[in-house]
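A.B. asks: Could you put the whole structure together from the sequences, leaning on the hints where they help?
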Amino acid sequence: MNLQKLLAILEKQEKNLKNLLKIGIEKQETLVSNNHKKLKELVAVEEQNLLNIQLTEESRLEEMHSIFNFYKINNDRYKLNILVEHLKGSANEKLLETITAFENRIKKSIEEITRVNHLNMTLIQQSRSLINATIHAVINSSNRSMLDRKA
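Read left to right, the sequence shown gives residues 1005 to 1155 (the working numbering).
Everything labelled a hint here was simulated from the structure, so no lab data went into it.
Cβ atoms here follow ideal geometry from the backbone N, Cα and C, with glycine treated the same way.
Any given hint could turn out to be false.
Straight-line C-alpha distance at most 27 Å; calculated DSSO-like pairs for lysine-lysine [unchecked claim]:
#, residue 1, residue 2
1, K1016, K1044
2, K1076, K1022
3, K1016, K1083
4, K1026, K1009
5, K1083, K1111
6, K1076, K1009
7, K1083, K1098
8, K1022, K1112
9, K1112, K1016
10, K1019, K1076
11, K1022, K1098
12, K1112, K1098
13, K1019, K1042
14, K1076, K1092
15, K1026, K1112
16, K1092, K1016
17, K1009, K1098
18, K1112, K1092
19, K1016, K1111
Taking CB as the label site, the calculated pair distances span [said to hold, decoys possible]:
#, residue 1, residue 2, range
20, K1009, I1139, 52 to 60 Å
21, N1085, E1033, 31 to 39 Å
22, K1092, L1055, 31 to 39 Å
C.D. replies: So this is what it looks like as structure tokens:
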């Protein structure tokens, strides 16, 4: 049980999420520029980053479980705000403020990642629509001659 260890985990997760946001923005630019090679590379990097996020979250949950047991907090939801509420008055207030600040920044990063991913999904859908329209135009034009023979 160590609140400092929890802070280190939260800091690592914040960096992971900022990196994921950066990748999402790069993917957006790559989608617009239609650079398939770069997009493939970004997807591979994104997958590794998502794995790092998952592993860091598992570490956070393990540490929260340990902290909850140590302080005899009876709650199966290992949320930071629950921890802070239970430790008010018995732990360093500055430390609790830091935990709350990390929680807020992490939530903000997640919201921004969600927004960027939604925009990327829209770009992909628009690209698919354009491709489908082009395919239909080519298929339908095969029924007509490329040259106007009446002229």
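A.B. asks: Now tell me, hint by hint, if it's right for this structure.
C.D. replies: Evaluation of the provided hints:
1. K1016 with K1044: The given pair, whose Cα atoms are some 25 Å apart, holds under the 27 Å limit.
2. K1076 with K1022: At roughly 33 Å apart (the allowed maximum being 27 Å), K1022 and K1076 break the hint.
3. K1016 with K1083: 17 Å, holds
4. K1026 with K1009: 26 Å, holds
5. K1083 with K1111: With Cα atoms ~12 Å apart, K1083 and K1111 stay inside 27 Å; holds.
6. K1076 with K1009: 18 Å, holds
7. K1083 with K1098: Since the Cα atoms of K1083 and K1098 sit roughly 18 Å apart, the hinted pair holds (cutoff 27 Å).
8. K1022 with K1112: 10 Å, holds
9. K1112 with K1016: 15 Å, holds
10. K1019 with K1076: 30 Å, violated
11. K1022 with K1098: 24 Å, holds
12. K1112 with K1098: 21 Å, holds
13. K1019 with K1042: 22 Å, holds
14. K1076 with K1092: 14 Å, holds
15. K1026 with K1112: This hinted pair holds, its Cα atoms lying about 14 Å apart.
16. K1092 with K1016: 24 Å, holds
17. K1009 with K1098: It holds: about 15 Å lies between the C-alpha atoms, which stays within 27 Å.
18. K1112 with K1092: 24 Å, holds
19. K1016 with K1111: Given that 27 Å is the threshold and the Cα spacing comes to 14 Å, the pair holds.
20. K1009 with I1139: 52 to 60 Å: Cβ of K1009 to Cβ of I1139: about 55 Å, so the range 52 to 60 Å holds.
21. N1085 with E1033: 31 to 39 Å: Between N1085 and E1033, where Cβ atoms are some 35 Å apart, the hint holds.
22. K1092 with L1055: 31 to 39 Å: This hint holds: roughly 35 Å between Cβ atoms.
Checked against the numbered hints given earlier, the structure breaks hints 2 and 10 and satisfies all the rest.
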